[in-house]
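Once you've looked at the hints, dock chain A against the given chain D.
Chains D and A, in that order, give the protein sequences. Residue numbers are given in the numbering used here: position 125 of the first sequence equals residue 507, and the series is strictly consecutive. Residue numbers are given in the numbering used here: position 217 of the second sequence equals residue 599, and the series is strictly consecutive.
One thing to keep in mind: the hints can contain errors.
Because identical chains cannot be distinguished in the list, a pair is counted as satisfied if it fits within a single copy or across any two copies.
Unchecked claim - With a cut-off of at most 30 Å between alpha-carbon atoms, the simulated DSS-like pairs for lysine-lysine come out as follows:
#, residue 1, residue 2
1, LYS457, LYS520
2, LYS647, LYS587
3, LYS647, LYS520
4, LYS531, LYS647
5, LYS604, LYS406
6, LYS652, LYS520
7, LYS624, LYS604
8, LYS457, LYS411
9, LYS595, LYS619
Read the hints as simulated data drawn from the structure, not as lab findings.
2 protein chains.
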Amino acid sequence: MTTSALGTSVAQLSLQEDEGREIKLLNAKEDRYGGVIVELEEAMEPNAFAASLKASMDHWRKQEKNGVWIQLPLKLSSLVDIAVQEGFRYHHAEPDYLMLACWLPSRPDTLPANASHQVGIGAFVINDQREVLVVQEKSGAFGGSGVWKFPTGVVDEGEDICDATIREVKEETGIDAEFVEVLAFRQSHKGFFGKSDLFFVCMLKPLSSEIQKQDTEIEAAKWMPLDEYVNQPFIQKHGQFKQIADICLNKSNSHYSGFSLQSAKSSSGKTNIIYFNGHDMNRQSLD
Amino acid sequence: MTTSALGTSVAQLSLQEDEGREIKLLNAKEDRYGGVIVELEEAMEPNAFAASLKASMDHWRKQEKNGVWIQLPLKLSSLVDIAVQEGFRYHHAEPDYLMLACWLPSRPDTLPANASHQVGIGAFVINDQREVLVVQEKSGAFGGSGVWKFPTGVVDEGEDICDATIREVKEETGIDAEFVEVLAFRQSHKGFFGKSDLFFVCMLKPLSSEIQKQDTEIEAAKWMPLDEYVNQPFIQKHGQFKQIADICLNKSNSHYSGFSLQSAKSSSGKTNIIYFNGHDMNRQSLD
Chain D
383 MTTSALGTSV AQLSLQEDEG REIKLLNAKE DRYGGVIVEL EEAMEPNAFA ASLKASMDHW
443 RKQEKNGVWI QLPLKLSSLV DIAVQEGFRY HHAEPDYLML ACWLPSRPDT LPANASHQVG
503 IGAFVINDQR EVLVVQEKSG AFGGSGVWKF PTGVVDEGED ICDATIREVK EETGIDAEFV
563 EVLAFRQSHK GFFGKSDLFF VCMLKPLSSE IQKQDTEIEA AKWMPLDEYV NQPFIQKHGQ
623 FKQIADICLN KSNSHYSGFS LQSAKSSSGK TNIIYFNGHD MNRQSLD
Chain A
383 MTTSALGTSV AQLSLQEDEG REIKLLNAKE DRYGGVIVEL EEAMEPNAFA ASLKASMDHW
443 RKQEKNGVWI QLPLKLSSLV DIAVQEGFRY HHAEPDYLML ACWLPSRPDT LPANASHQVG
503 IGAFVINDQR EVLVVQEKSG AFGGSGVWKF PTGVVDEGED ICDATIREVK EETGIDAEFV
563 EVLAFRQSHK GFFGKSDLFF VCMLKPLSSE IQKQDTEIEA AKWMPLDEYV NQPFIQKHGQ
623 FKQIADICLN KSNSHYSGFS LQSAKSSSGK TNIIYFNGHD MNRQSLD
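If we strip away everything but chain D, and leave its shape as in the complex, we get (with noise of 0.2 Å):
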């Protein structure tokens, strides 16, 4: 909002005070798609608020401004009624704060969608004597199953999948490990509070082979033959987990290629990891 936008605001809103008191508009930075993000860090008594916001809307609304953002702390819990009566909806959520947003336009709300995804791991990690690292769980699906699974666990938002891969094998079963490939990767709906999985299938190469489990989530921890893993009856009835364990049969046969890594800048500057066939790439620049 540029400043003499802003002075005209407080001029037509002086019409509106009722008790002497100059309505302030709430401070709002514009986003690149036509809207306004207000970041309310400040505590604000609940009808200075409501009448701050009533008067921002009407002159967002003059402005044609698309979506209108409101970012308010947790401690500000006080005011989250107050904008939903105002016609806001959530939007998500994280937890020290919650983000409203409102669409003003009478055309259909582009507004972008929240987080749809939560993305997980499963740890391939085999030596030298063909013997893959596998856990059993105390809790969750498999707790109590007796089924002899790869590690697995949650990629953290900010962590890249290869880092959060060598992590969980290290805190599952204190082996130190290398990542080496993606061989696979699932993508399933309706998971956990509804959201979308990616589930990515990773090869790793252990640096270390005395295992030292962690005991609160894990029941037990081993170094088993590939081939007794695969055979687990478990894994042969189960659609999914017979081609998962197919494809690391053909990996540990050294003839599939996986997905490596690679470093690369972003147009803004930013360093990515990219995932792709790294020994096509490679084969393809010595022909």
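Using the frame of chain D, we list chain A on its own:
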């Protein structure tokens, strides 16, 4: 919660009555991780909610519950502040509800994180004349830049990557296409709303040729010789774009295997899509 546990608590709580009214515990379901979830749907008077929540929290503490979840629909936004005052934090929100959480034990909080990733796609649609489908966007990072780029878009919650790619190509350009392979993917961090991002570069085979561009977001769309696309100064200058362009070039020379797809049943009976190097898997089975 069992009926007998509820009965015990109500008896205890009648001691706390102050105006002759019995304080009802909130209805809660057990989760698989030693916690409880309250899904409030009916309107509740704020003071009644505050009293019930306080009594319920005492009850759950005595039961040594772990996490307590409260899901509040948008229409009950007047109760948000009460839950926060009782020690709850936000967990996540969707347009029509807010999920609050509170961790009761003294040991560290192991509540699962909110969805962490946005998922996007870029569509490499190449025809038999080695022409690639490109667009210029009206707004966003490339608006007005003159750069010709692949159609891109966001994968919706609940949508398969392959379907999202076909949908975005159709929406932006009117071209019908079929999914071939994921050629590569990129993970980046601190994107929209601070979330991480997975961006899948997918190859598609066009099934039609006449472009009908979408007018709201797309400035222009056309078929462009692949070499001309790759040789754009912007593409050559930016590491990440150049790397993806090189992968697409290699793929067009038929030397590169990406991840194709196959459906598979999960252990819970859901059908999911697994993406993997189908070329190498087929080669293996022929060996």
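| task | Check each numbered hint against the structure and report the violated ones by number, ascending. | result | The structure breaks hints 1, 5; every other hint is satisfied.
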